[in-house]
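Undergrad: Here is what each chain is made of, one letter per residue.
2 protein chains.
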Amino acid sequence: MTDRIIRFLRDRRPSTPCVVVDLDRVEENYRALAGALPNSRIFYAVKANPGAPVLKRLADLGSCFDTASVPEIEMALAAGATPDRISFGNTIKKQGDIARAYQLGVRLYAYDSVEELEKIAASAPGSKVFCRILTDGAGAEWPLSRKFGCVPEMAQDLLVKAADFGLQPVGVSFHVGSQQCNVEAWDGALAQAAAIFRHCEANGIELSLVNLGGGFPTRYRNGVPTAEIYGRAIDASLKRHFGNHMPDTIIEPGRGMVGDAGIIESEVVLVARKSYDADERPWVYLDVGKFGGLAETMDESIRYQISTPHDGGEDQPVIIAGPTCDSADVLYEKNVYRLPTALKAGDRVRILSTGAYTTSYSAVNFNGFAPLAAHYI
Amino acid sequence: MTDRIIRFLRDRRPSTPCVVVDLDRVEENYRALAGALPNSRIFYAVKANPGAPVLKRLADLGSCFDTASVPEIEMALAAGATPDRISFGNTIKKQGDIARAYQLGVRLYAYDSVEELEKIAASAPGSKVFCRILTDGAGAEWPLSRKFGCVPEMAQDLLVKAADFGLQPVGVSFHVGSQQCNVEAWDGALAQAAAIFRHCEANGIELSLVNLGGGFPTRYRNGVPTAEIYGRAIDASLKRHFGNHMPDTIIEPGRGMVGDAGIIESEVVLVARKSYDADERPWVYLDVGKFGGLAETMDESIRYQISTPHDGGEDQPVIIAGPTCDSADVLYEKNVYRLPTALKAGDRVRILSTGAYTTSYSAVNFNGFAPLAAHYI
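Protein chains in written order, with the numbering used here: chain Z, 1 to 377; chain E, 1 to 377.
Hint data in this document are derived by calculation from the structure and do not stem from the laboratory.
Check the hints yourself; a few may be wrong.
[Said to hold, decoys possible] Label-pair ranges, simulated between beta-carbon atoms:
#: 1; chain 1: E; residue 1: R338; chain 2: Z; residue 2: T226; range: 47 to 53 Å
#: 2; chain 1: Z; residue 1: T82; chain 2: E; residue 2: G223; range: 55 to 61 Å
#: 3; chain 1: E; residue 1: P309; chain 2: Z; residue 2: S145; range: 26 to 32 Å
#: 4; chain 1: Z; residue 1: A370; chain 2: E; residue 2: D299; range: 23 to 29 Å
#: 5; chain 1: Z; residue 1: G188; chain 2: E; residue 2: D136; range: 41 to 47 Å
What you are looking at is a predicted structure, and each value in this text was computed from that prediction instead of being measured.
Yeah, the Cβ is synthetic: ideal placement off N, Cα and C, and Gly gets one too.
Isolated chain Z, as found in the complex:
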């Protein structure tokens, strides 16, 4: 919780629910990541928070941008990034979107299948491409499916094929899973990447780039290792697997860049018991829920810290839910949260580290509620 956000909330009393994002904290996070991984270029994952002021601040700092769609490319350009600082990192792209990105000057594309490679070859001729490999995501708090990445044996074939298609195969990418709290998680994927580099070299293809992806965590209820600790672990793994032939590297922080730069302020709508059973936890209903910006509470994956005006007083275990008429809009029931017994309707609570994956996830008007308002300060 930054002093600037606290002052803003105190002085401005914005309508709830809203998220307030401290751009200075974003800058601090950028500098910490840049310092921890001095040899890596930073491609901010725009999807984490595409707010124009966030993109502008990062563009001014020299950040590059990992984008998922043509609108995200356009937002990065509008923020002042040149096309050579933009990667089209989604492995699932429409043919027409690749053509449009190429027209906008983007020359760096992700892929993980021969079908996607053919589309890139057709619509973004001569571009640089990197192939995403599958990792297991063990240790990550947000689930990583097999949706992205191919097996390493396929990746090496696809990199050779990229050259056949007239593209420039530059390297390999992977993602160790979002909110990755195991600093060693990169090691296995880097071993695989190094093996792919060797295979390609034997086939006359010189790779130069390892895209280390994102995964850098933000602090929720539990502490997380610092950027420096991640940096040292990744550096050690790079040396272990690449020896004297160190590749260029890029990282794609999203949550680690903006997560702890934002706070959602929300109003308690109702605190209620639904039975006379004293063992049954009361329900606390907030004016923000799963469809209003807290989508990452799906399966209670991300467990945010919540502060209230009554902290320090007597507390009790509660169930926390959102304001919609949807029975699935329950935030925390399996995970037991304790909130002050004095908490009541009308109180304002703060949901910490909500700068990432909140604004853009929120539903357009589910139950008639407006999307989450955002203030960038």
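Since the structure of chain Z is provided, determine the placement of chain E on it from the hints.
TA: Just chain E now, with coordinates in the frame of chain Z:
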């Protein structure tokens, strides 16, 4: 799939993804429900699809409206409904929103706790209120949590208390769970409602209304009983539990009103294999996913039927996912879907019965993608 939608898609070739909603089908569904439950007033659950043309058509037909928020009340009024045809059915309401609803003329409110009752008494004095009781939702395909409703013993006390607060306690509501495929599901809740009526009568409170809620299903991959069958089962239960003192009843169909009136047209973005293991299912990526309107695929709860231009040819088991960079944006993996082997990027597919809980659920701009476009015909 209605002929009008098929013609619209053929002649207009709208950009994908989009949903096309046939208002005539909405009208047919309204008439079928009205015919099946001739003694019930219909309060359409606006949250299922708040599209202005849907509300307008239903208002013209004489429908009432179950609303979840002040904006939904305003939408119903804008569609032509008078305030006496609007219920504020959310049991979780801000004090200021109750006051605003009252100012707009709404005089019918739901509640399930003493705290909410106090808010209604303060901001909507003299209004009619009904108390929601908890049901278990067995047989429903969309999960029903304990988020709404109190135990019957509490409900009867809260109804007596409503009179003490100067409100008009009119009855009881419950919800048997969305996409409820067991036509007998209403019976247990009606037995509880009747017991509450008797208890209140003994305490000098004459209740008159049972709000039977929603739950009426729409057809997805499997057939569902007709409205008539639901109507007969509910009517038999009402007679069984209320005998000669039949209450007024209302129903709140949402999915059952608009579900099968809509079809999403989506483009295949990519069909890809990620390994050389022939047993591994290929991935089919569509341009619509969990964050673009198909939120109800959460935990694969709602299993939509998908039609393709190659239906009837050879097919294969696939995994189906959305277009975003989010690993959680997978639609069907545990449930095995088979799609034609000939399916390829650029093909258009149709996702059937997607008129409910799609447009308003879609994320405001996650990954830069626009919310689901809607065409009402």
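Undergrad: State for each hint whether it applies.
TA: Hint check:
1. Look at E/R338 against Z/T226: about 48 Å separates their beta carbons, and that is inside 47 to 53 Å.
2. Here the CB-CB span from Z/T82 to E/G223 is close to 57 Å, well matched to the stated 55 to 61 Å.
3. Between E/P309 and Z/S145 the CB atoms are about 28 Å apart, so this pair conforms to the stated range of 26 to 32 Å.
4. Distance hint check: the CB atoms of Z/A370 and E/D299 are about 27 Å apart, consistent with the given range 23 to 29 Å.
5. Judged by the Cβ atoms, the range 41 to 47 Å given for Z/G188 and E/D136 holds: they are separated by roughly 45 Å.
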